[in-house]
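Make the full structure from the sequences, and use the hints.
From first to last, the protein sequence lines stand for chains A and B.
Heads up: the first sequence is residues 1 to 185, going by the numbering used here.
Heads up: the second sequence is residues 186 to 422, going by the numbering used here.
Incorrect hints may appear among the rest.
Here chain B is said to cover these stretches of chain A; the calculated rule only asks that three of the stretch's residues, wherever they fall, bring their Cβ under 8 angstroms from a Cβ of chain B [said to hold, decoys possible]:
id, stretch
1, 91 to 105
2, 163 to 175
3, 178 to 184
In short, the hints are calculated from the structure, not lab data.
Predicted model, so just to flag it, every value in this text is computed and none were measured.
By construction, the Cβ of each residue, glycine as well, lies at the ideal position given by its N, Cα and C atoms.
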Amino acid sequence: MSAALRYGLLSAGRRRRALVLPGLTVAAGAFLLVLVVALMPAVRRAGAAFGDAAAVGRATLVISAIVVLLGVLEVAITATRSIVQRVREIGVLCTFGVPPRSVVCALLVEPVLTAALGALAGASAGAVVAVAGTGAGLIDASVAAGTVAAGWGAAVALSTVAALAVSAAPAWRAVRRPPLASLTS
Amino acid sequence: MTQTATRAPAVAVQSVWKLFPAGDGVVHALVDIGFTVDSGEFLALMGPSGSGKSTLLHLLGGLDRPTKGEIHLAGQPTTGLTESQFSALRHSTIGFIFQSYNLIPFLSAVENVELPLMFEPVDRASVRRRATELLELVGLGHRMHHRPSRMSGGEQQRTAIARALIGAPQVVLADEPTANLDHRTGESVIGVLEDLCRQLGVTVVASTHDAAVAAHATRVLRMTDGRIAPADPPVSQ
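Next comes the structure, spelled out in structure tokens:
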């Protein structure tokens, strides 16, 4: 399996330009999620003015999670597009007798890595902005380190797991095609 | 005492049929094909488009299955093999050369040659050495780190030949290996393939409609309408 991971990393490195946009989308989602989680006390306080602080807090959190999932969807679309573009490569690998599980593993490296790196960057930026904004007095709330860390972890884990989940099916479908169909497509 | 060694042919095809559904009927792509290829032979399958050459090569490589009949590769029957068993057999026994090269665009020439062994738990340095040797043998020692987009068609096909041979296969299947090349480049490529396979004792089965390719073969089978055409009668002395 390590050989498949090595091949996946090699291809992700060589194809990195195609991964910038989905990575940025995931990063934006993770940034928002961490910021919202960190600033939840302030959001709740502001929400209290509208009558239901908990409901406003929940709605804000859900919206942030949706933004993260939109980022993951972008990763999934990119993964599917990339698999379509790489169908001949998949056919060649299968023709030369590379086991399907290894091919799937290699194909999954790209979307998972994109989502993980995008989420890491976005979530870290979100944490920095939340802490710095509070410290500078720009944000009217106290930000607990534990809350920021929880938001950061949730954003990275959600993005990575969701990217893995949504990319596995197209990758598996691609390797289950007869090699001849992949080679002649 | 004289011992007679009985060695299985590299390829044995027995009464193979391939039918494809077409509308309400069927197309007889291959009809009762039978032949053997001995180890080290260079067999050219010649015939016009649609004569069944490529279909036959696909069956030999396990990329498709015969409707009826039996194919043995390196003495091993292939009927009844599961896809993963056939995949393992392909990996250990067969090298492929395609008409359109099918090199991986983001890999360099030497990485493309290494591709069939990239997923193996083998010593990377020895694979790199072997890939380098093969690229030098096909005359591409100076193009080792070039990507396919920066190589000519002839160079790409020579890279594909090196890739087909990296796993030390017993049989190389070449589907119209010169069809995308001009005559002179095609001649040079097929010469490289012939020389290398002779040196390494590899059996070659190549489909072609190019008489120049067939001229390099040790034997030619002519195909028409899914059948092997009867051999020309020997010229009477």
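Status of each hint after checking the structure:
1. 91 to 105: The restraint on the stretch 91 to 105 of chain A holds, since 11 of its residues have a Cβ under 8 angstroms from chain B and three suffice.
2. 163 to 175: n = 0 at 8 angstroms, threshold three: violated.
3. 178 to 184: Holds, because 4 residues of the stretch 178 to 184 of chain A bring their Cβ atoms closer than 8 angstroms to Cβ atoms of chain B.
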